[in-house]
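Protein sequences, first through last, are from chains A and B.
Positions in the first sequence are counted from 1; adding 104 to them yields the numbering used here.
Positions in the second sequence are counted from 1; adding 14 to them yields the numbering used here.
These are computed hints drawn from the structure, not numbers from a lab.
Cβ atoms here follow ideal geometry from the backbone N, Cα and C, with glycine treated the same way.
Treat the hints with care, since some could be wrong.
Partner residues are not named here, just some residues of chain A that face chain B (Cβ under 8 Å, in silico) [as the list claims (entries may be wrong)]:
#, residue
1, G212
2, S214
3, R215
4, N224
5, D228
6, M230
7, N244
8, H246
9, H291
10, S293
11, S312
12, Y317
13, L319
Chain A stretches covered by chain B per the calculated footprint, using a threshold of three residues with CB under 8 Å from any CB of chain B [to be verified]:
#, region
14, 146-158
15, 381-391
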Amino acid sequence: MSHDESRRKFLKNSLVVSAAMAGASFGLIDPLEAGAEDYPDMSICNGKDAALITRQAVEALGGIKRFVRPGAKVVIKPNMSFARSPETAANTNPLVVREVARMCAEAGASRISIVDNVLNNPADCMKLSKIPEYCKDVPNTHTNYIKNERLFREVSVERGTQFKKMRALSDALDADTLIAVPVGKSHGSAGVSMSMKGMMGLIYDRTSFHNRYDLHESIVDMVTVLKPHLVVIDGTRILSTGGPGGPGEVIPLDLVIASADMVAADAQMVALGKWYGKKLEPKQIKHIRMAAERGLGRIDLDKLNIKKISV
Amino acid sequence: MKRFQRLIQLLSFGIFSLLLVWAAYPETREAPVDAFLRIDPIIALTTLIASREFQTGFIWAAIVLISGLFIGRAFCGYVCPMGTTIDLFQSLIYPKSKLRATRAGYEANRGRRSLKYYVLAVVVCAAIGGVSLAFLVAPISLATRFWGLVIYPVTLWIADLGLDLATPLHQYVPDLAYIQISRRVFATNMFIAGFIVFISALAIKGPRFWCSYLCPAGAMIALFSKKPLVYRSVNSSCTECGKCVRNCPMVAIRENPHSTAHRECLLCLRCKELCPENAISFYSHNETLKPEPATLDLTRRAMLLSAVSGLGVASLVGTGWNEPRLLGQERAVTPADLIRPPGAMPEPEFLKLCVRCGLCMKACATNTLQPIWFKAGVEGLFSPSLVPRLAACAVNCAVCGSVCPTGAIRKLPIEEKIQAKIGTAWIDRQNCLVWNRDKKCLVCGEVCPYHAISFQPASGRRNGVPVVHPNRCCGCGWCENKCPVEGAGAIKVSVVGELRLASGSYIEKAKEYGLEFKIADKKFDKLAPDTFESSGIDEGGGIQEKNSSPKQEQLPAGILDE
Numbered sequence: 105m106s107h108d109e110s111r112r113k114f115l116k117n118s119l120v121v122s123a124a125m126a127g128a129s130f131g132l133i134d135p136l137e138a139g140a141e142d143y144p145d146m147s148i149c150n151g152k153d154a155a156l157i158t159r160q161a162v163e164a165l166g167g168i169k170r171f172v173r174p175g176a177k178v179v180i181k182p183n184m185s186f187a188r189s190p191e192t193a194a195n196t197n198p199l200v201v202r203e204v205a206r207m208c209a210e211a212g213a214s215r216i217s218i219v220d221n222v223l224n225n226p227a228d229c230m231k232l233s234k235i236p237e238y239c240k241d242v243p244n245t246h247t248n249y250i251k252n253e254r255l256f257r258e259v260s261v262e263r264g265t266q267f268k269k270m271r272a273l274s275d276a277l278d279a280d281t282l283i284a285v286p287v288g289k290s291h292g293s294a295g296v297s298m299s300m301k302g303m304m305g306l307i308y309d310r311t312s313f314h315n316r317y318d319l320h321e322s323i324v325d326m327v328t329v330l331k332p333h334l335v336v337i338d339g340t341r342i343l344s345t346g347g348p349g350g351p352g353e354v355i356p357l358d359l360v361i362a363s364a365d366m367v368a369a370d371a372q373m374v375a376l377g378k379w380y381g382k383k384l385e386p387k388q389i390k391h392i393r394m395a396a397e398r399g400l401g402r403i404d405l406d407k408l409n410i411k412k413i414s415v
Numbered sequence: 015m016k017r018f019q020r021l022i023q024l025l026s027f028g029i030f031s032l033l034l035v036w037a038a039y040p041e042t043r044e045a046p047v048d049a050f051l052r053i054d055p056i057i058a059l060t061t062l063i064a065s066r067e068f069q070t071g072f073i074w075a076a077i078v079l080i081s082g083l084f085i086g087r088a089f090c091g092y093v094c095p096m097g098t099t100i101d102l103f104q105s106l107i108y109p110k111s112k113l114r115a116t117r118a119g120y121e122a123n124r125g126r127r128s129l130k131y132y133v134l135a136v137v138v139c140a141a142i143g144g145v146s147l148a149f150l151v152a153p154i155s156l157a158t159r160f161w162g163l164v165i166y167p168v169t170l171w172i173a174d175l176g177l178d179l180a181t182p183l184h185q186y187v188p189d190l191a192y193i194q195i196s197r198r199v200f201a202t203n204m205f206i207a208g209f210i211v212f213i214s215a216l217a218i219k220g221p222r223f224w225c226s227y228l229c230p231a232g233a234m235i236a237l238f239s240k241k242p243l244v245y246r247s248v249n250s251s252c253t254e255c256g257k258c259v260r261n262c263p264m265v266a267i268r269e270n271p272h273s274t275a276h277r278e279c280l281l282c283l284r285c286k287e288l289c290p291e292n293a294i295s296f297y298s299h300n301e302t303l304k305p306e307p308a309t310l311d312l313t314r315r316a317m318l319l320s321a322v323s324g325l326g327v328a329s330l331v332g333t334g335w336n337e338p339r340l341l342g343q344e345r346a347v348t349p350a351d352l353i354r355p356p357g358a359m360p361e362p363e364f365l366k367l368c369v370r371c372g373l374c375m376k377a378c379a380t381n382t383l384q385p386i387w388f389k390a391g392v393e394g395l396f397s398p399s400l401v402p403r404l405a406a407c408a409v410n411c412a413v414c415g416s417v418c419p420t421g422a423i424r425k426l427p428i429e430e431k432i433q434a435k436i437g438t439a440w441i442d443r444q445n446c447l448v449w450n451r452d453k454k455c456l457v458c459g460e461v462c463p464y465h466a467i468s469f470q471p472a473s474g475r476r477n478g479v480p481v482v483h484p485n486r487c488c489g490c491g492w493c494e495n496k497c498p499v500e501g502a503g504a505i506k507v508s509v510v511g512e513l514r515l516a517s518g519s520y521i522e523k524a525k526e527y528g529l530e531f532k533i534a535d536k537k538f539d540k541l542a543p544d545t546f547e548s549s550g551i552d553e554g555g556g557i558q559e560k561n562s563s564p565k566q567e568q569l570p571a572g573i574l575d576e
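The following block holds chain A by itself, in its conformation from the complex (with noise of 0.2 Å):
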């Protein structure tokens, strides 16, 4: 890039800045709509195709393209780690899972990688999940479990509250793009899981998070480091009790949340579920409020831009 172009960038980049102000001060452009490209800050797609709908949730954010460039190491984090079939809703619909990677995969991705910290037998989660299975021909995309410590390296957490220091998977944390793929599920400890929660499958030493901290601000804590960039909320149906493992209610909602505000997307998702047997406001569950009001996120919905689409 020559000097003359940068400058000129500059000038072009300082006269949009100064009119959305301006227009902004008049009150004619919202300053959360605007932005150079317009994208709203979340969508909610409906519909009873699992890969379409997921597709068409991330196209109405501006695109996978917004996220993963041609080349991109991409690290995928579903929930696999139940050895549970897809229907239980302990784990992410295979086939949600499996159009994010094309997805990826399409924009040019070098590596996809999809990853979780199994809890039941590794075999069987990979087996029973049918996520490896589904996403074994997208291309560059390998499926594995991560419980070896190797595969985990020590990252500082300088807003920590818990903790200043964890380990994380070295991938998740050299990854160009990292994509959370979260089923909506209940949750025995933290009340719901869902994007911000499962970034546990990330980590190498979850027990700690129950024992020796208090839960809900190491989850945030956690993600103030393993931020992903785009979170695709599963809700083609959600687990609304007994999570995280299950058994329990299996409530349909066909719908899939796309955000790159995970405080946003998971308070959507408790938003537009019912759990145990309930209603249940956002700001109920601890972490995410937490999350919150540490400016990680958005819980304030009724003030976003949502894109609302059914197919």
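Guided by the hints, dock chain B onto chain A, whose structure is given.
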């Protein structure tokens, strides 16, 4: 010729290793994984005498004994995995020049040659006294235990280390990072390895020291090998140069090289190979000199001493030895955490039958079965016991019984094994998060495959407290394994209520005792033995007592009131 021996040894050892590898869950192969243990004459003899019961499997060992009449101790030279192990280790430890008897000639080693017969006498007399010493001296038991509980986990460990060292390659081969090996651990393996190294190191006193001087199985075959069909004979071209006498690995050739101690000869054919005059033959016999009659050289005094020692060991074991144990009494005195594998015979019979080959522990699907040290007394050395904190007993697995060569652990079909109660869990309230720290924790109830733990209201506790229902608890140890309390955990399995049936059906006995082992979940085919399709169980996994569920159960932690 030596090559021929090595080839057969390799073949035999290959089969031995393969069977050892196949001794694992799932039992997909019909292969007799315990075949080598069944042909060990000393295992058969001690088990027969100690248990006073004949098993048809002993016939294989009898065939090995009778083979002595035809091919002498070829079994020791060609088939025995312990012999091969010693051959391997002694050549690793010592240079070739050191691997020679310190004193050449059969006569020079006569005295210590008789040792193995005395060892045999000790073992037999101890067995008469009801104590099986097979675990100390049976060669195939030693070899199986060593390869299964030392070399097998060490191999996994080395492979894992290799993957660790290959970490810098991950940037070039990202998939390398995801090759993950689950290591195995076995207690006491330092002693198992140490023993093998020790008897291999004895080769400094003469190659295959163990086989020549100590092995009672070798002694048994030797008793049948006075003059087998295939034996070493020397013809008239012999110049009595003595080369064979000096080089015989078993020191089986007498000072007069025309004469051989056939009971000691492994038919390795080394002498035939070395002889400059081609004077030695093993098939066509035309000896020029009549060989000296073979004698056993046993003294009455030493024999008597051995017999007394054997009975002495048995009597000491029977009267206490290291700690008082009243086995076979109405109330046996055993440690509370001596959890035997499901289907294990009643303790006295179990100890008589178990030869500590370690096959059950090698095969165990979860690695919970561990060799013990003195927990079950001196006579219980290296016998298997569950360590639930390490791993739980997999519900749909009965591999330990199916590989057991002597029936110390009964071969049970899965339906029977599920009813074979090995103990009962109890809650250590001093450590329990719910009881002691008033926290909410449901882990033990959630993981219990038998639904034997429920959560009930207790005064002064905000959350439902875990309660074990003994008639539903099988003692599998899932609760103990997963208890989040550090150290020993707050729920532990003890031997209370264990079912040890020498015969008959566990299902019927369980019914008689009012036990209700119910696994509501369907088992998936071809999956791990603890993977279930859990459907239709009540929320939370644990059993919620109707009408007594505390209010806190309705919403989990992490959800705030509005």
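Verification of the supplied hints:
Look at G212 of chain A: its Cβ only gets to about 17 Å from chain B, farther than 8 Å, so that hint breaks. With a least beta-carbon distance of about 10 Å to chain B, the hint placing S214 of chain A at the interface is violated under the 8 Å criterion. A least Cβ separation of about 6 Å between R215 of chain A and chain B falls short of the 8 Å threshold, and the interface hint therefore holds. Because the beta carbon of N224 of chain A sits about 6 Å from the nearest beta carbon in chain B, less than 8 Å, this interface hint is met.
Of the supplied interface hints, the one on D228 of chain A holds, with its beta-carbon coming within about 4 Å of a beta-carbon of chain B, less than 8 Å. At about 11 Å, the closest approach between the beta carbon of M230 of chain A and any beta carbon in chain B exceeds 8 Å, and the interface hint on this residue is violated. For N244 of chain A, the suggested interface contact is broken, since its CB lies about 10 Å from the closest CB of chain B, more than 8 Å. A distance limit of 8 Å between C-beta atoms decides the matter here; for H246 of chain A the minimum to chain B is near 6 Å, and the interface restraint holds.
Hint status for H291 of chain A relative to chain B: holds, with the closest Cβ pair at about 7 Å, below 8 Å. Proximity of S293 of chain A to chain B holds as hinted, the smallest CB-CB distance being about 6 Å (cut-off 8 Å). Taken as an interface hint, S312 of chain A does not check out: its beta carbon lies about 10 Å from the nearest beta carbon of chain B, beyond 8 Å. The interface hint given for Y317 of chain A is broken, as the beta carbon of that residue sits about 13 Å from the closest beta carbon of chain B, more than 8 Å.
About 7 Å separates the beta-carbon of L319 of chain A from the nearest beta-carbon of chain B, less than 8 Å, and the hint is met. Evaluation of the coverage hint for the region 146-158 of chain A: breached, as 0 residues show C-beta separations to chain B shorter than 8 Å, against a requirement of three. Counting residues of the region 381-391 of chain A whose beta-carbon sits less than 8 Å from any beta-carbon of chain B gives 7, enough to reach three: the coverage restraint holds.
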